[in-house]
Structure formats: C-alpha cells, structure tokens
Amino acid sequence: MSSDTLVDFDEVLTRYEPVIGLETHVELGTASKMFCGCSTTFGAEPNTQTCPVCLGLPGSLPVANAAAIEATIRIGLALGCRIATWCRFARKNYFYPDIPKGFQTSQYDEPLCTAGHLDVEVDGETYRVEIERVHLEEDTGKNLHVGGATGRIHGADHSLVDYNRAGIPLVEIVTRPIPGTGAKAPEVAKAYVTELREILLALGVSEVRMEQGNLRSDVNTSLSPIGSLEWGIRTETKNVNSLRSVERSVRYEMRRQAAVLDAGERILQETRHFHEDTGSTSPGRSKEEATDYRYFPEPDLVPIAPDEEWVEKLAAALPELPAARRARLSEEWGISPTEMAWLVNAGAVGLVSETVAAGAPPADARKWWLGELARRANDAGVDLAALAVTPQQVAELVGLVAAGTINDQLARQVLDGVLAGEGDPAAVVESRGLAVMGESDELVAAVDAAIEGNPDVAEKVRGGKVQAVGALVGAVMKTTRGKADAATVKRMLEERLLA
Amino acid sequence: MEFRPSMTTLSRNDVAHLARLARLAVTDEELDLYAGQLSAVLDAVAQVQKASVEDVPPTTHAVPMTNVVRPDVARPSLPRDVVLAGAPAAEDDRFRVPRILQEEA
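Chains as they are written, first to last, in this note's numbering: chain A, 1 to 499; chain B, 1 to 105.
Some hints could be false.
[To be verified] Residues from chain A that keep clear of chain B, each with C-beta distances beyond 12 Å, as calculated: (1) C51; (2) D162; (3) D300.
[As the list claims (entries may be wrong)] Counterexamples of contact, computed for chain B against chain A with all Cβ distances above 12 Å: (4) L18; (5) V41; (6) N67; (7) R96.
[Unchecked claim] Computed spacing ranges between beta-carbons, pair by pair: (8) B:L18 / A:E309: 52 to 62 Å; (9) B:A62 / A:D109: 34 to 44 Å; (10) A:E309 / B:N13: 49 to 59 Å.
If you're looking for bench data, these hints aren't it; they were derived computationally from the structure.
The C-beta atom is built at its ideal place from N, Cα and C for all residues, glycine as well.
Okay, chain B solo, but in the shape it has when bound (with noise of 0.2 Å):
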C-alpha cells in the first residue's frame, strides 16, 4: 500500500479535493478550519515514525490471523420488505436514487 509520510500541513485544495471525493459541501471559512485542524492530526500521527521499527515486522491487523473464511453455502437474505423500508426512497421493488449524470453543456 502507498503509505504517504506526513505532510505536516494540509492545503485548502487537498481538503477540497478530499471534501469532494468524500461528497461533503465545505465552505471557503470550513476549508481553512479543516486544513489547520487535519494537519494536526496528521502532526499527532507522525509521531508514529519516531518510533524505532527496525526489528518490527510490519502489522496488518490487531490479531495475527489468516485465511478465516467460510464455506460456500447459501443462507436466507433479509425479505425484500424490510430491506427497501431502510431506503431514502423505493420503487418498483429497486432502491430509488437521484438522476446520477449531470447534464453537460
């Protein structure tokens, strides 16, 4: 995985384009409040590359296991009733969203 070592301050545009990927609306007063606060988050971090990790093998997670899986069998999924009343909106049985292109010029 591309591991970025800290950057120790965030620009206005990288919490734009990050507000944008993450489909947030920030306004001009948020960006500068997000761009101070998340650079110090990322300061807070960084301390993690003062440690010493030589003799550490890399963790990916908390417990050292691997290939949990499960057999390949099929259970009963939820009735569609229940599934769909969770739904902002329904229709026709399908979960109903808003128009996804926008039209161009």
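This is chain A alone, in the form it adopts within the complex (with noise of 0.2 Å):
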C-alpha cells in the first residue's frame, strides 16, 4: 500500500499534467426497454416489469425499440457525430447476476455514432472534447447486498436482484482521451458533464436525473510528469453520479496518484469507486484480471441501417442546442458572458429560463437561483437541480415579492416551507402567517410600542438625525418577527415624528 497522504492540489501541477476522459450511461426516456415491450417506470415494485426477453428466458426474441435508435442518432448529431449507415449489435459476455442474460447486448466495433465533439467553457475558456463514440446498449438489473455493512458488496452475505432497470435502453457516450487541461481538469470534467447533460435535455431524450442514475459518468484521470511524452497509467472511477462528484473524483485522483507517483510507486491500471461522504475513491476490481468479453454479434437481432434521408430528417428537427441558447438568452436577459458563465456552473441555466417562462423577470430569477437557492443546494450537498423547489414555484415565489405579499426575508421562510414539502409558496405564506403586514391596527401599534419604548432615540428623530429611525424600523421588525414592511414602518415613522 502506498502513502495515504494527498499532494497539495496546486502542488500536483508544478510536476504532473492530467490526461482525464470519461465515459458517460444515459438512461433513454422511452416507454418501453430496448428490446421488448416491459415499461421502464422508476420506483415500481420489484421485478414488475420483466418478461421472457429482458429475463434472458429460452426461446426468447428481441426486436429493438425504434424510439431508441432514433434518440441515439439525436444525440449523435448534436454531438455532431458521423453516423453509420450500417452497424450491428454484439454480445458482451459475462457473469454477473445483473444481467440475466449471461451477456450484455451492446454495440462493439459498429457503433451508431462516431468521431463527434463538444465544446465546453471554463473561466472563458474553451475546451473541445473530441467524442470517440455513441452506442446503443442495454441496463443492467439492481442488485441488494444482504448481511454487510450498510449494504456494500464487501462482506455481504447474499445479494438480491431486481431486473426492473435491466434491459431499459442505455446510451454510452465516450470521449477521446482529454489532454492539455491543467489545473482546470476537474472543472473541464464537470463543465463536460454539465454540457452533456443540457443537451440530453434540450433533446428531450432522457429525464437525465441524475439522483435517479439516469446519467451516470466513469471518470478516468492520469497523471505524466510535466514534459513527458507519454500519457501515465490511468484510473477509472466507475458510476460517478452528479456534477459535484465528477469535479470532486478527478481532484482527488490527481492528488492521490501525485503521492503514489511521488513516492515512486506505480499507479495501478484499476477500477476504483467514489464516496461521496468522504470525496475519495477506493480501489474496485482490478483490471490485471484481464476482461475477456468475446464480443460477438448478435444473431438474434439483423442489424440497422439508418437511410440518408431518415437521419437528414432527423437533424433538420433537432432542437436549439444548449450553446446557441444560451448565446440567444445572454442577448435577451441583458447579462455578459461570464454571468452566463455563473448560470452554467450552477447548473440554473434551464432552471432560470423555466423561471422566466413561468413569468418572473430575468433579474429576479437569476438572483434566486444563484443567491439564496445555490447557498441551499450547497448547504445540502446537491446539484441546485436536485433541490425540492420547482422554477413555477421560485417565479411564484418572485411574484409574492413583487406584489408586496411578502418581503425577501419572509420569501427565505417561505422557501423553507415550500423544500420542506408544505405546497407552492402561496400556500406556505397562508399556512404558515408569512403575509407582509399591511397598515393594519397591529402594525400600528408595534409602530407607536417603538415609539414610546425608545424615547431617547425618537427624541433624536425629532431633532433632525433622520438616520436614527432605522433603530426604531429595528424595533418594529423584531416585535413583528419580520414580518413587517421595512419601507412601510419607516414611512409611518417618519409620519409620527417629523410631521
């Protein structure tokens, strides 16, 4: 075992250069998995939604699912990908009790899409990614370890299968092998993930929750010394699941292989698993067993073609890319490139524009998200999409504000409520009695207690240091526990003691 201890992360880059790649599972949309009619619903029951072709049962046929191969040609043309006029299916082959079948139908050396690239943007600077390949496969089923600690597969006693996800239509996207990104290579790891994400969903192709693994990225990271001419050993962080966790992975590998490199130790060709409570990763199967596929192709299926004509259809019909519209939103919200630059690293692109479209300004709703929602989606630990707040509930939110209803403090109360699962915002401020008061009797009479409870500091007011109202406002907020308009109980101050 080599030195526990991390290298300092700006350390690591005055002797190492990283060389990151990733290989990223997408979960398609469809209603059905890829090769029989089984639904693909999330959260059913166990083992509800199998058949004699996703069970791998004797005598059973596949027949591929047409939405399937017409998302995957999408995202290889957003991808901006060549796309084959002619490919097959093959059988990876191998045991594991998630995949009934005893192989995985995938796609080996025909894959649907090839040679593409993304650009991604960070701290204003673009990094292309070259995509090597697009191909179809298949999900594997959900296993339960039984009898070890907190259900990991170590010193498990059993496990349990639940062939649900097994056979739901799988995309796997690869890159080529990303040299030249420096100190940014876990940021320009997140910012590809992030990227790839948007499309999916600007493509409509795939829910993309994360949390849910619907999108879930094997990250490889390898270190060479400064200068040398060959790329290091890498490693492969397998099943990384949210944005946070692709940055967090490829930081703490960099540190990790910089001690081993450090202390002059090999890095191990192997695949390794991310924690998320502790942001390190931990040695999984080693690949010296070498894998030994025997890919072949797949007799039961014939293979697709996709005619000219068909995928020019189909890219005549893609939707605005997410790099276009941002270019087109920036224009439109009036905001320059690096504060659109903020919006995609938090994530909130979508979210603002789906603030926006339920009807709050612009303004507004990027200050929600990325003031008060990104502090909580920080706080938690979370991707800000994975909060429990919805855009039509934040331009909901917007609106109370703007109405006088509320105030922003009373708002971040409300917020509590609506992440809390108490209903739309309109419904928290009624449950819970967050309402700005009006002129009413009670703030009246919070108004005059301020008054006479502080003789000193009204006198003051009255002599002409118009700048001691605001520990009179202070006064009226405390006794109304916020609730009261700030610029309202000024303006009845003022009222009081300089008419």
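Take the two lone chains and join them into the complex the hints point to.
Laid out in structure tokens, this is it:
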C-alpha cells in the first residue's frame, strides 16, 4: 500500500499534467425497454417489469426499440458525430447476477455514431472535448447486498436482484482522452458532463435525473510528469452520479496519484469507487484480471441501417442546442458571457429559463437561483436541480415579493416551507402566516410601541438625526418577527416623528 | 468483429481460460480431452477458409434484412409470482443470489 497522504492540489500541477476521459451512460426516457415491451417506469415494485426477453429465458427473441435508435442518432447528431450507415449489435459476454442473459446486448466495433465533439467553457476558456463514439446498449438489473455493512457488496452474505432496470435502453458516450486541461481538469470534467446533460435535456431523450442514476459517468484520470511524451497509467472511477462528484473525483485522483508517483511507485490500472461522504476513491475490481468479453455479433438482431434521408430529417428537426440557446438568452436577459458562465457552472440556465417562462423577470430569477437557492444546494451538498423546488414555485415566490405580499426575508421562510414539502409558495404563506403586514392596527400598535419604548431615539429623530430612525425600524421588525415591510414601517415612523 | 483464423490446436491453458470464463469446473483430465476435441472442431470449421470468397460479400445473417424494429409502446409484463417461481431462490420479491465477491485475504 502506497502513501495514504494526498499531495496538495496546486503542488500536483507543479510536477504533473493530467489527462482525463469520460464514459457517460444515459438511460433513455423511452416508455418501453430496449428489446421488449416491458415498462421502464422508475420506482415500480421489484421484478414487476420483466418478461421472458429481458429475463433471458430460453426461446425468447429481442426486437429493437425504434425510439431508442432514433434517440441515439439524435444524440450523435447533436454532438456532431458521423452516423453509421450500417451497424450491428454485439454480445458482451460475462457473468454477473445483474445481467440475466449472461451477456449484455451492446455495440462493439460498429457504434451508431462516431467522431463528434463538444466544446465546453471554463473560466472564459473553451476546451474541445472529442467524442470517440456513441453507442446503444441495455442497462443491468439492480443488486441489493444483504448481510454486509450498510448494503455494501464487501462482506455481504448474499445479494437480491431486481430486474426492472435490466433491458432499459442505455446510451454510452465515450470521449477521447482530453489532454491539456492542467489545473482546470476537474472543472473541465464537470463542465463536460454539465453540457452533455443540457444537450440531453434539450433533446428530450432522457430525464437525466442524476440522483436516480439516469446519467452516470466513469471518470478516467491519469498523470504524467510535465514534459513527458507518454501519458500515465489511468484509473477509472466508476458510476459517478452527480456533477459535483465528477469534479471531486478527478481532483481526488490527481492528488492521490501524485502521492503514489512521488513515492516512486506505479499507478495500478484499476477501477475505483467514489465515496460521496469523504470525497475519496477506493479500489474496485482490478483490471489485471484481464477482461475477456468475447464480443460477437448478436445473431438474434438484424443490422441497423439508418437511411440517409431519415438521418437528414432528424438533423433538420434538432431543437436549438444549449450553446446557441445561451447566446440567445444572454442577449434577451441582457447579461454578459461571464454572468452566463456563472449560471452554467451552477447548472442553472434551464432552471432560470423555466422560471422566466413561468413569469418571473430574468433578474429576479437569476437572483434567487444563484443566491439563496445555490447557497441551500451547497449546504445540502446537492446539485441545484435536485432541490425540492420547481422553477414554477420560484416564479410564484418572485411574484409574491413583487406584489408586496412578502418581502425577501419572509420569502426565505416561505422557501423553507416549500423545500420541506409544505406546498406551493402561496400555500406556505397562508399556512405559516408569513404575509407582510399592511398598515393594520397591529402594525400601528407596534410602531407606536417602538416610539414609546425608545424615547431617546425618538427624540434624536425629532431633533433632526433622521438616520436614527433605523433603530426604531429594527425594533418594529423585531416585534413583528420580520413580517412588516421595512419601507412601510419607516414611512409610518417618519409620519409620526417628523410631521 | 475480431476474427481469429484457425489455430488448429488449443492448449490446455486455452481450455482452462475458456472454462473459467464460462464458470465451468473442468478437471485436469477433461482439459486434455476437451483440448483435443475442441481442436478438432476448430479444424472442421477451418475448412471454410479454403473456400474462395473474393466475390462474396460478408454476410451477417441468414436473412438479408435490416431495421427490424418495434414501436416504443409498453406492454404488460409477467406477473411477479410467475417470474420468481422460476428462480432457484427468492427473498423480498427479488431473486436471491449467492455472495458475489469472494473475500480477499
């Protein structure tokens, strides 16, 4: 075992250059599975969405899902790929309890899409990520490990398998190795997955809910000494399923690998697992036990030959892609590229756009998503999109503030309620009694009480020290527990003291 | 697809490797037996290589068809009790399988 210590990130870069690469799996949002008619609904009771085909029972025959093929071609087109004119499925043979057939139906040397690219931006700099291939395959079942510590496979006594997920269409998007990112490697990795996710959302081919595992990335990282002509040995961190974790896993691997190399040891080519809680990786299955998948063409499926006319039609019908949309929105919202980059980094472009579409002014939508909501997502350690609040609810919140029903401070309390699942903002205002007080008897009483309770301050104000009124406003806000409107309170105080 | 030309002889190691991939417990005597038998099978298949195929396009399938697809429509699945009735063991509505990872020393 090599040194457990990690090298400081900045120090890593004084000696080594990283090369990263990503293999991203996307569960398509089709209604039925890849090769059979079983439903793909998430969260169904275990083993209620299976049939002879996806269970691999003898005599069953697969038939490819037309919508999944179309979705894969559209992803390829959006990434600027070449679309194959003829390709086949292949069997990837291995035994594991989550693949009922003893092989995964995948694609091998004839992927549907090849040779594309995706440009991502980090801190104003554009990095071109070359896409090696996009191919179509099927997802595996889900293992539940019993008898070990906290459901981990290590130390488990036995495992339980749910095959509902087995056979759901899965698209694998593989980048070529990405050199030359230096200190930005972790951010480029995150930016790539973020941009890919935006494209998939724009295409409407997947729900891309990372927390449900719709999108998961295997993140390859290697280091080589600066100036070296050869790339180092890489590790592959499997199934990283949040944008934040993609960045953290690269950062951690760079620091860990630097420590190993500094100690004069070799990096093991292996798969590793990322741990959300500690932000670290640990070794998984070693690749030294050479994988031998004995791929061969799937005899039960005929080749796929997308005809040119169809592909052209799909290309013409592609929606506006995120990069073009961002350029347009920057102009519509009147914001700079840097401000747009903040939104992109926060994963907030779509959220803000939907909030605006739901009626909020762009500036307010941005303020809430980049401010209060970003802070809460960060505190909870989740991506912005995973917060339990919808753009429509944020728009409603903005509307309530604009109408004077609540102020910003109350709005934050309303948000507490929305995030706690108490309903839409107006309902939370109602149930928690959070509306701003009008010039009610209660507020008049509070204002009068503040003047009576602070005669010295009141006298100063009367004597011309107008700014001293702030202390009285504060007193009123305190007695009304923030529910009064500060401007109204100030005006009422001034009417009484300066008239 | 990778195509390996006839090797005509399979070694004991080749057979042991294949057996391990197929999760088959093969005894030492069987390794010798199967190495001989499988080599004979390979030889038989290798006869194909003698054919002149210059003018023959590669064939994937016995039927010259492409794009056999079905519309994306969900259909009823099997009832769970029927599904699990075929499992060697079931627990909590799931297939029960033996320990996956062997403990390492």
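Structure-based check of all given hints:
Against the 12 Å criterion, A:C51 falls within the reach of chain B, whose nearest CB is about 5 Å from its own CB. For A:D162, the shortest C-beta to C-beta distance to chain B comes to about 5 Å, within the 12 Å cut-off, and the non-interface label is violated. Not every Cβ of chain B is farther than 12 Å from the Cβ of A:D300; the closest lies at roughly 10 Å, contradicting the non-interface assignment. With a minimum CB-CB distance of about 9 Å to chain A, B:L18 fails to clear the 12 Å threshold, and the non-interface call is violated.
No Cβ of chain A approaches the Cβ of B:V41 within 12 Å, the least distance being about 16 Å, so the stated non-interface status holds. At roughly 6 Å, the least C-beta separation between B:N67 and chain A is not larger than 12 Å, which violates its mark as non-interface. In this structure B:R96 is not separated from chain A by more than 12 Å, as the shortest Cβ-Cβ distance comes to only about 6 Å. Between B:L18 and A:E309 the beta carbon distance is about 45 Å. The supplied range of 52 to 62 Å is therefore violated.
Separation of B:A62 from A:D109 is about 22 Å and departs from the stated range, judged on CB atoms against 34 to 44 Å. Distance hint check for A:E309 and B:N13: the Cβ-Cβ separation is about 52 Å, which falls inside the suggested range of 49 to 59 Å.
The earlier numbered hints that this structure contradicts are 1, 2, 3, 4, 6, 7, 8 and 9.
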